[in-house]
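Protein sequence lines, in the order shown, are assigned to chains A and B. According to my numbering, the first sequence is numbered sequentially starting from 324. According to my numbering, the second sequence is numbered sequentially starting from 5.
Calculated directly from the structure, the hints in this document are not laboratory data. Just so you know, even glycine gets a beta-carbon here, dropped at the ideal spot from N, CA and C. One thing to keep in mind: the hints can contain errors.
As the list claims (entries may be wrong) - Using 25 Å as the maximum straight-line C-alpha spacing, the simulated SDA-like pairs for lysine to any residue come out as follows:
#1 466/A <-> 89/B
#2 22/B <-> 73/B
#3 459/A <-> 171/B
Unchecked claim - Residues from chain B that keep clear of chain A, each with C-beta distances beyond 12 Å, as calculated:
#4 6
#5 13
#6 20
#7 30
#8 34
#9 37
#10 40
#11 73
#12 207
#13 231
#14 261
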Amino acid sequence: MTQPTTFPLEVIDLKKNYGSFEAVRGLSFEVRAGEVFGLLGPNGAGKTTTISIVTTLEQATSGQVRVFGIDVAKNPLLVKRQFGVVHQEIINSGFFTVEELLQFQSGYHGLRRNGERIRYLLNKLGLYEHRDKRVKQLSGGMKRRLMIAKALVHSPRLLLLDEPTAGVDITLRENLWDFVRDLKREGIAVLLTTHYLEEAELLCDRVGIVNRGRLEAIGETSRIVHQFARKKVILDTRSSGRKEIFAPIEKPLGDILRDAGVDPMDLRDIQVEQGRLEDAFRRLLTGDKAAPAEGAKA
Amino acid sequence: MMVAFLTLLERECRRFMKVIVQTVVTPFVSSFLYLLVFGVSLGAAVELKNGVPYLSFLVPGLMMMALINNSFQNSSSSIVSSKFSGDIEDLAVVPLTDNQIIWALGLGALLRGVLVALVTLAVGEVFHDQQLGVWLPVAHPLYLLYFTLVGGLLFAFLGISVAFWSKGFEHLSAFSSFVLLPLTYLGGVFISVESLSPFWQQVSRLNPLLYLINGFRYGMLGVSDVEITQSLLVSFLGLLVFYVMARISLSRGSFQRW
Ligand SMILES: Nc1ncnc2c1ncn2[C@@H]1O[C@H](COP(=O)(O)OP(=O)(O)OP(=O)(O)O)[C@@H](O)[C@H]1O
Ligand SMILES: [Mg+2]
Numbered sequence: 324m325t326q327p328t329t330f331p332l333e334v335i336d337l338k339k340n341y342g343s344f345e346a347v348r349g350l351s352f353e354v355r356a357g358e359v360f361g362l363l364g365p366n367g368a369g370k371t372t373t374i375s376i377v378t379t380l381e382q383a384t385s386g387q388v389r390v391f392g393i394d395v396a397k398n399p400l401l402v403k404r405q406f407g408v409v410h411q412e413i414i415n416s417g418f419f420t421v422e423e424l425l426q427f428q429s430g431y432h433g434l435r436r437n438g439e440r441i442r443y444l445l446n447k448l449g450l451y452e453h454r455d456k457r458v459k460q461l462s463g464g465m466k467r468r469l470m471i472a473k474a475l476v477h478s479p480r481l482l483l484l485d486e487p488t489a490g491v492d493i494t495l496r497e498n499l500w501d502f503v504r505d506l507k508r509e510g511i512a513v514l515l516t517t518h519y520l521e522e523a524e525l526l527c528d529r530v531g532i533v534n535r536g537r538l539e540a541i542g543e544t545s546r547i548v549h550q551f552a553r554k555k556v557i558l559d560t561r562s563s564g565r566k567e568i569f570a571p572i573e574k575p576l577g578d579i580l581r582d583a584g585v586d587p588m589d590l591r592d593i594q595v596e597q598g599r600l601e602d603a604f605r606r607l608l609t610g611d612k613a614a615p616a617e618g619a620k621a
Numbered sequence: 005m006m007v008a009f010l011t012l013l014e015r016e017c018r019r020f021m022k023v024i025v026q027t028v029v030t031p032f033v034s035s036f037l038y039l040l041v042f043g044v045s046l047g048a049a050v051e052l053k054n055g056v057p058y059l060s061f062l063v064p065g066l067m068m069m070a071l072i073n074n075s076f077q078n079s080s081s082s083i084v085s086s087k088f089s090g091d092i093e094d095l096a097v098v099p100l101t102d103n104q105i106i107w108a109l110g111l112g113a114l115l116r117g118v119l120v121a122l123v124t125l126a127v128g129e130v131f132h133d134q135q136l137g138v139w140l141p142v143a144h145p146l147y148l149l150y151f152t153l154v155g156g157l158l159f160a161f162l163g164i165s166v167a168f169w170s171k172g173f174e175h176l177s178a179f180s181s182f183v184l185l186p187l188t189y190l191g192g193v194f195i196s197v198e199s200l201s202p203f204w205q206q207v208s209r210l211n212p213l214l215y216l217i218n219g220f221r222y223g224m225l226g227v228s229d230v231e232i233t234q235s236l237l238v239s240f241l242g243l244l245v246f247y248v249m250a251r252i253s254l255s256r257g258s259f260q261r262w
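Construct all of the structure, not just a fragment, from the sequences and the given hints.
What follows is the structure, given as structure tokens:
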């Protein structure tokens with residue numbers, strides 16, 4: 324029963340069918356304490372479905388999900404105390420104000436007097452001056468922040484964020500990033516899905532890339548980039564103008580120039596873009612990861 | 005454990021308290037109209053077998069109708085509007101058991117129903133005093149209490165089941181107008197089943213509402229078309245059945261938003 328390490332979240336060979344459609348086809352990954360794990364993938368990859376199974380909204384067809392070692396299917400009530408979740412879809416509850424909603428949410432978690440935590444979250448998420456507004460009176464970004472506050476009233480050790488920055492402006496997004504880093508520092512495990520890959524690159528310690536319900540790659544973000552992305556070398560030569568060359572990240576610049584047959588004396592300018600997660604992602608999904616990571620494009 | 009339950013109950017009550025004017029004024033107006041048209045105008049021409057004035061007969065019927073309609077309304081609209089706005093998903097991911105959800109919604113709905121029944125009673129008493137010169141008495145307070153609790157909860161539980169299964173607002177309103185409304189009207193709110201032909205009397209006995217309405221009326225007036233122990237039993241059984249139905253619909257029904 325006692326495991327040497329209990330991960331905040333452990334997904335083991337998870338499968339989910341909707342009728343005959345296989346939305347999730349054997350996912351396995353874990354989220355470790357104090358890390359931000361990015362679950363990335365195109366629309367319909369099965370990210371939200373996976374989160375819904377963790378939160379007990381959906382039942383797995385097969386496989387297992389454990390939250391701090393507790394099986395989600397066997398003890399849903401206990402599991403529900405451990406996580407906070409921000410759903411992808413915005414919630415619009417019409418009757419109550421921001422503060423009331425946070426009080427109710429605390430109450431559901433058994434916390435009757437939670438004013439201090441609520442005030443902390445309201446301030447932290449820039450909602451304090453909007454606390455007496457009804458949800459309907461909030462802008463989209465404010466609603467998103469309210470949902471984040473709701474997910475955190477009971478100080479969960481695992482936070483599930485399903486596209487928390489969709490439709491959030493750039494300053495706010497940066498605030499949220501800082502906020503997520505703070506949570507990480509507190510030792511909270513975060514599962515994050517996002518379509519903004521710079522965001523994932525910036526925030527996530529590790530990422531898993533899913534496509535059509537299957538994991539295409541998983542590992543430390545830098546490793547994934549290293550493994551699958553290429554660096555881009557932009558040359559400006561006197562003889563033939565601009566030229567872009569893609570090359571494996573570890574390949575020395577000298578070798579790249581030599582292989583491209585470029586005389587360094589011919590160079591007017593040279594720019595090197597380091598490999599990006601976005602490139603790794605695209606290459607993984609289009610399936611040309613097997614193709615050599617080299618190539619030139621004029 | 006208890007805190008979570010009480011919080012949800014509080015939310016349910018605060019929800020109808022936000023529209024308290026509407027909660028109180030609407031039944032005030034409608035019971036006023038019912039009593040004026042049926043109780044006073046038509047009532048003068050109605051002769052009941054057991055000699056009870058028609059107005060006295062009508063008031064408990066209207067109260068029960070108010071109770072069950074509002075209980076049903078409150079619990080079902082709570083769920084349906086949550087499905088619409090999406091916060092039904094919140095309910096599913098917080099540590100509340102199905103049982104806690106059912107009882108919190110049920111009691112909240114019951115309170116709303118009782119509130120409206122009391123408004124109806126107040127209007128009824130004024131009419132009664134006006135027309136007949138006496139207040140309407142309460143013959144058996146304990147029976148009255150019993151049928152209030154059972155009737156309100158039963159319809160709150162029914163509201164939960166229907167709301168969980170419904171796939172849109174139209175399902176709910178269809179249920180209200182094609183099932184609930186006929187049953188209330190044929191359950192003896194306005195008429196004594198004894199005035200019906202033997203055939204229709206038999207049909208009426210299949211209507212569970214008949215037992216609730218008559219039991220309640222017995223609590224108030226001490227007279228009933230149905231034997232009181234039969235009323236007690238049938239309504240308790242009904243409560244059990246609808247509770248089980250609500251449990252099933254929560255565990256099988258969908259917490260998905262629309
Ligand atoms: N309730 C459902 N019934 C049937 N199919 C569903 C249901 N929910 C999701 N799906 C399907 O399962 C697949 C995965 O959906 P999911 O919402 O998990 O994708 P996602 O990775 O979250 O995508 P996005 O980035 O667009 O949010 C999709 O093809 C979707 O059409
Ligand atoms: Mg999604």
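Going through the hints against the structure:
Proposed proximity of residue 466/A and residue 89/B is supported: the alpha carbons are some 12 Å apart, at most 25 Å. Distance hint between residue 22/B and residue 73/B is fulfilled; the C-alpha atoms sit about 19 Å from each other, no more than 25 Å. A C-alpha spacing of about 23 Å is found between residue 459/A and residue 171/B, which places the hinted pair at or below 25 Å, so the restraint holds. The non-interface label for residue 6/B is inconsistent with chain A: the shortest C-beta to C-beta separation is roughly 8 Å, within 12 Å.
At the 12 Å boundary, the C-beta of residue 13/B falls inside the reach of chain A, the nearest C-beta of that chain being 10 Å off. With a least CB separation of 10 Å from chain A, residue 20/B falls inside the 12 Å interface cut-off, contrary to its annotation. At roughly 18 Å from the closest C-beta of chain A, the C-beta of residue 30/B stays outside 12 Å, upholding its exclusion from the interface. Non-interface call for residue 34/B relative to chain A: holds, since the shortest CB-CB distance, roughly 24 Å, exceeds 12 Å.
In this structure residue 37/B is separated from chain A by more than 12 Å, as the shortest Cβ-Cβ distance comes to about 29 Å. The claim that residue 40/B lies off the interface holds: its Cβ sits roughly 34 Å from the closest Cβ of chain A, which is beyond the 12 Å cut-off. At roughly 21 Å, the least C-beta separation between residue 73/B and chain A is larger than 12 Å, which holds for a residue marked as non-interface. Every CB of chain A is more than 12 Å from the CB of residue 207/B (nearest about 41 Å), matching its label as outside the interface.
Against the 12 Å criterion, residue 231/B stays outside the reach of chain A, whose nearest CB is about 44 Å from its own CB. Distance to chain A contradicts residue 261/B as a non-interface residue, since its nearest Cβ pair spans about 7 Å, not more than 12 Å.
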